[in-house]
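Taking the hints into account, I'd like the entire structure generated from these sequences.
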Amino acid sequence: MNGVILNYDELVKGYWEGLNTQLRKFSTGYEFLDLWVPDSDHTSSIFNIIDAASSHGLNSFSINVTNAEVAQSLDVEELKKAAGAGGQVAISHEKGGGLLIAVTIERQTAWTTLGMGDVPSLYRLVFNYETAVGDFECSLTEMPPFVLAESSSDGAVLKALIDPSSHLVAETGFRGRLAPVSRRLVNELCHIMKGKPVNECGDHAVIFLEHALRDKSQRRLNSGITTPRNSWFVFKELTHLVREMADDYRRKTKYDDRQNFYLPASSPQWQRASDSNKLELVREAAALFCKAKEILASSIVVKEIVRSSRVMIEVDLNVWKDSEPFLLELEVYLRKQVELALSIFCEETPDLNKMRWDRPAVKSQVAKPKVFSAALEASSN
Amino acid sequence: MDKDPRYQLGNPKLKDLILDGTKIEWHLDRVRAWERGERIAPITIDMALTRACNYGCGFCYAKLQENERKSITREVIFNFLEDCAEIGVKAISFVSDGESTISPVFVDAVKKGHELGLSMSVATNALVLNRRKLEEIMPCLTYLRVNFSGGEPKRYAEIMGVPEKWFFQVCQNITDMMEIKRKNNLDVTVGMQMVLMPQDADQVIPLAKLGKKLRPDYLIIKHCSDNEDGALGVNYAGYKGLYDILREAEAYSDDEYMVKVKWSKIEQEGKRNYQRCYGAPFILQMSGSGLVAPCGPLFNEQYKKFHIGNITENRFKDIWQSDKYWEVMNYLASPEFNAQNMCGSLCLQHMVNEKLDAYMKDKIELVTPTGSPPAHINFV
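Line order of the protein sequences matches chains A and B. The working numbering puts the first residue of the first sequence at -19, with every later residue one more than the last. The working numbering puts the first residue of the second sequence at 2, with every later residue one more than the last.
Hints are computed from structural coordinates only; laboratory data are not their basis. You may find that some hints are simply not true.
Reference excerpt, derived from the structure (chain B facing chain A, CB under 7 angstroms, subset only) [as the list claims (entries may be wrong)]:
{"id": "1", "residue": "Arg40"}
{"id": "2", "residue": "Tyr332"}
{"id": "3", "residue": "Ala334"}
{"id": "4", "residue": "Lys362"}
Glycine included, each C-beta is placed from N, C-alpha and C at the ideal position.
Here it is in structure tokens:
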């Protein structure tokens, strides 16, 4: 099976229900299906799903048809052609007469020649704005004592000047024939890498890139865990590019420590701020978060900030829907708006089992169960 | 494992036990599904039937895990076990957070899980596991582990916060376990476990000797976990000075009794070499209050942000299918989360995390292992 798994029967059922329950902003919940309308002919209907997904940039997904009657009505041979040349549709029979249709669409586009149409809408938002991270397109050259490490892929070259005493990436740059979208991606990547240890870049730079580019207001492409490997194919290519660069550095310096305990420091502004300023900043941001969520600001009370990073809060849980991870959203919001090092905590509940903390006095002379007592004494002699 | 003596008494053989490692590679179908971004059912769920405990161990991590108490009734646990079987959970361990054997639904829960085809296991102080209960549950269990952190009655009582006479009662119960196992030729593995605080090192050898007399299948000696603030005061550097004693304890192993030190964790001195937590979707932990949270160290109310639901209020399969469940799991795998500074030391998911993190960093390949499957395969 592949990344996204759609339950066809639920999708159709939900679609019909939605027509009666959603007045405006009608949607299936999957943005890549915004252009899809179910067809009374189920083969056409599934063809349309594959078309919609393909035009959205989704490379691989599966459609689970659980209803045996619907499954039987499908023209399986016709569906096998749905992925087009180079693509693949694998159909397997499931328990209860259902079918699992796994679709893989072969992309002809190289990651270096991406146009806006190739960008899944989940990652498109950032491309609508000018970059605020500076321009990293340049030809870095040797600059001792820094070590120049590089890697290439499809004509793009990534370079980094790395300080061999600290293994920190002092400068990054790229060059090559890159389409604007591809150039922007590598540029963002260079920005993420700059100033970080080379191991951190190899381990996590692309995870950060994927996270930064993703439009969080949209549903993920995967129903489970999203990683650079299972989202947009470009992230795999960039991961390869960064790790090759890190390997080049290791080869040139014989640096073989792969441990990574990198933790970014608090911003200088945050470090300089007084405790009361910090509290004020966080309270303001929390109020804005509530406003954005259209919830009373008093439903989140920021009590204090412990050790400059722990935001202690009280939450009125009656106001917030328990089905939403709003506290995680708040945490992300505070990090974005105020300071990266912040984490939120509710009040700790102490252990109510007094015995675990406050043990009873131990009596040394006690009755022993007869059988074991005898066995123990005999064996210890 | 090659150095471990072959165990001839029953099945599983001692050499097939993985006491210091992970079996995640034996579940590559689920790993691949996770990698593709599918919603996978946990392979193992570690949970408790209550938060309460009749012991008062000083090192008990559960005292840091307090959250709103709710009762796991017979109906709740039966519904839960049925949901687990339905969605594809393979094993349930009653280990974390509370002493499950003091719950009135304990015996029924073990039997029900077994009937449903789930692998079941228990870690317990074993005080209330009398012979009648043991006869009922042991045929249903994959393993039964007795928490036993002192080799001498007085020290056992001090370390575990109980009257000395309980030492003898539990020893008797272990003797009964082994008798029942032999008599009925059961597959269940019976073990003892010492949670070692460096200051209790005087008990390592007495316990290894005691185990040799009681004859469980194994004795495992492990580190003590602590939270990110070091609330339990575990001195990880202190373990280094105990290596000779620990090696001496391992030398008490014989053909039918293995003493094993969890070296992998002890040698790491409480440090993690990864930042993302990928393990929770594979090994989920649930509090004895019914709370569903990714792991034990996040049970306390202060980590409310990670709390997903409660099986006393909602069916587990609905909680598992919910967006909130997957939002929390995604958060742990995202750059927003850093296990190195946001978690306590060396959790249950640690080895799975380590393996999957290395895989995601292209440091290792994951391939289906060859050879015979290990014992307790569903307890990853």
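Inset, instruction - Please verify that hint: B:Arg40, Cβ, nearest Cβ of chain A, below 7 angstroms or not. - result: holds, 5 angstroms
Legend entry - Status of the hint placing B:Tyr332 at chain A (closest C-beta pair under 7 angstroms): Holds - the Cβ of B:Tyr332 comes within 7 angstroms of chain A, reaching about 5 angstroms at its closest.
Inset, instruction - Answer holds if the nearest beta-carbon of chain A is closer than 7 angstroms to that of B:Lys362; otherwise answer violated. - result: holds, 5 angstroms
Legend entry - Satisfaction of the B:Ala334 interface hint, Cβ to chain A closer than 7 angstroms: Since chain A brings a Cβ to about 5 angstroms from B:Ala334, closer than 7 angstroms, the hint holds.
Violated hints: none; the structure is consistent with every hint.
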